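Mind assembling these two chains? They're in different frames, but the hints should get you there.
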Amino acid sequence: MRNFLAQVYTTYTGLFGWLNWFSYVSTVIFRPVVLVIIYSVLGRFAGSPEIVRSYAIGIAAYTMAVIILPGITQCYTYDRSGGTLSFVFASPVNRFENYTARAVLHYPNGLLSFIATLVTVWIMVGLDFSTVNWGGFIAGTLIIALSITALGEFLGTFAIAFRDWSNIQTVFVGLILILSGAIIPLDIFPTALQEIAKLLPVTNGLVSLKSTFIGSPLADTSGYIIREGLTGLVYFVLGYIGFQVFEVMARRRGTLEQETF
Amino acid sequence: MVNQLRAMLASVIQQWKQISFSFGNLGFFLATIPMAVVFTWIAMQRGDNEVLAYLSIGLPLMTVWSGVAFRIGYTLTTELSNQVLQFVYISRTPVIIVSLGKALAQVLWGLPTGIISFMVIFLMTRTLPDISNPAALIISLLLVVIGITVASLFFSPMMVLVGGRGGFFNTIIPFGLVLSGFLFPIDRLPLVLKVLARLMPTSWAMDGVRLSLGNGGSWPEIFSSWGMCLLTSVLLGGITYAMFRIVERRIRITGTRDFY
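So the sequences go chain by chain: A and V. Add 20 to the 1-based position in the first sequence for my numbering, that's all there is to it. Add 122 to the 1-based position in the second sequence for my numbering, that's all there is to it.
So that you can see chain V by itself, here it is in the shape it has in the complex (with noise of 0.2 angstroms):
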């Protein structure tokens, strides 16, 4: 257990380093000033000050969301385009530890995302979000964290299995937003939608975020959202490993490591 997490950190500070910090990545850092813009002016026009305590919290998640979930995803995917795949394979580190360590230093890269989004709103509305319960904040937001990792780690296995190409994120990005709970809470969606986003365990991570804010709600209505972001973390994490044991078997018994 120590040593994969030993191998894990390795593997944070090895995609750390491979980030590149160059002027070209500035975009990403750009495009969230006009998705910030838009989201506040709209939540501006009635002034309700609980949804822009709301959105003042989901809306810098979301940008760290719409730009690490498209990285994470392709993590694999270059990996194996880049002929690396098979170093990770031949290591005893599962590769699962591998890619959450990378997935982990991408979040970590996100994060700015999220501060230039927060300055953005408070800008524009002056105001700061009502906050009743700190500590079940900073916890959600913990939790939020986790789950956009999980989230995000998910698509890495998918996308080989799926042989995914150029543009296959465009749409699953702004549908990940719509299911997340980011920028509205989820009861506001429609039937359908609401039960997929449950499956999203940032959806419940926002009730979290939700219930620390404005009139608060009671802790077991918090811990009851807590656990069940933890629990469709669980779930889909194993999705996840068992999408990574896939292409495991790919790589190491079927052998069919490059193709998809």
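So here's chain A without its partners, still in its complex pose (with noise of 0.2 angstroms):
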């Protein structure tokens, strides 16, 4: 536990670019309420005022997105182009207890622009809390919030395996962006796009968080809760393959330092 605990705390100050406090806290706080800002004045230009509370709970989950993937694919890329992933592969440390210990401290960071996203609705249009079913609601967002951190450890393994693995990372944003609901409703794309956008996180857990919010109970929507934490979980899991398909082939090509594959 001691072990894993060190990785965890070194992983995160080592290799998070953003850990200084004008870096974090703007990217963190200010960033959401920002882009609060902007779908609200876009809303009210476009002939809606009132529609970024229709939003709202999309932004939030969006913006865990926006914080957490980037923060954990740094831990990866980081780590191989700092030269530092060799030490790693060298030692006898646990690949599992490795790989888990990347994630664990950009989890709140997620939690945190979510809640920076509401509270800044909240101020903004006057977001009504007063129906929430808050238990359901909690932990909606915590399981998308893991979902999101397990497609980032999914992306991490792209991080050190590719040079241009940033490429990969935008197309998960953008698809999460446009295709999750967050903002544009799912049920305006054809019904095979809907299916790829329930492979995606955030998509299965948000018609639970928007139901929840609204006052339903979660046994209404608990099957989209519990396929988006098994998405979260497959991505999880691919992520780990991957980690460890990438020290094979880069041990049996030594090709650590370059395009492994």
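Think of the hints as simulated: they come from the structure by calculation, not from any bench. Quick caveat, the model's predicted, so the values are computed rather than measured. Ideal Cβ positions, reconstructed from N, Cα and C, are used throughout, including at glycine.
If we take Cβ atoms under 8 angstroms as the criterion, some of the chain V residues that face chain A in the derived model are: (1) Leu148; (2) Ala153; (3) Trp163; (4) Ala165; (5) Gln167; (6) Asp170; (7) Arg287; (8) Gly288; (9) Thr293; (10) Pro296; (11) Phe297; (12) Leu299; (13) Leu305; (14) Phe306; (15) Arg310; (16) Leu311.
One side of the interface only, derived from the structure: several residues of chain V facing chain A at Cβ under 10 angstroms: (17) Asn147; (18) Val160; (19) Tyr176; (20) Ile294.
Encoded structure:
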């Protein structure tokens, strides 16, 4: 456990490039605030001043992805580019422990961004919290943040295996913005696209989050929240397999500092 | 003056050659698509042609700004960390001329992102903006490009002076989007933000864009927005120049070149 905690701390403090006061506060707290201002003023300009209320939960969930995903992938890419990943692979450290440790402290950053977004919407347009089913809403939020974190771990493997990994992250963040239902309702897309969207984190959990926000019991949308959790689990497992395969390939080919695949 | 222009052109070419056209930079262009889709979708909710026309022009410019501000902002810092900034200072060409050339190259490189956004909007709305004064629109767009360049260049010496680290632009770029007037006219903002926005040259240039669309505006209004755009560009350029001088002072006089 002590080893694990040491890795949680060192991978976060040593490899998270935004861990200085200005960048951290501005990224985790102020960026969501600015995003809310953009969406609300644009909504007002487009003739729907109240529309930001309907996006609020979606934007909040999206901001979790915007902070968690780059945070975790930095943890991997800087480990390789800084030359420290070779020490990890040379050591007898438990790989699963190391893989899991990289994500732990990025998880609360997502939650902080989520809260900052909702507070801003509440202050700016008076988001109504009076009917929220808090138990279900909090559970939904925690599970969505977990599945985004799992996606971050999955993308982390790409960040050490490919030089141009950031394209993959850009695609995932873009897909979450467009297809998760955060802002654009999912039902306007063709059925096939809707099914693809359900393979992304956020999409399933957001249904439950929106439902519990208006007071529905979690049981009504438990299927969605279970699917959200399973989606995260699949990404997490795939990421771990990728992490293991990367090590084997990098050792075999001597390509730790190059494109491994 | 001619020599300085020649030096600036040379730095445009140098930066252009240095910009990598690798597969890795594909993300720079891909990132514009989701933003364009979502913002267009929001604007389409009421189907107001005036809003869609404004966004058809503003959204592509927004994507250019959000792409290049980051790159231009890091220009001087990157040279500092790569230990090549001292060579720029050995040359007799003022470093702001060199940096301006580099900034122009970055803006030129970022312009295709605007085209991608424009195509996304067109595909979604199937309408082209109703332009009432094409000549005024072209000049306003040129002023927007100048505004983007000046506003982005501002961050280049600033990054060195404040020792900006990773993540420095994470809030600055979205905040710049709010104040730039690309997504909505500045008069829609709360008073405090409106005042701040008026310090940005692009907010005035976008007024010129708005007055060239739809029902249009009178020439005095358009001239006034152009004049204010140029004035704020000069003002911001002056501050940027002063910051470049401070950076130079650190290098030549106090000898703290490689320190923040």
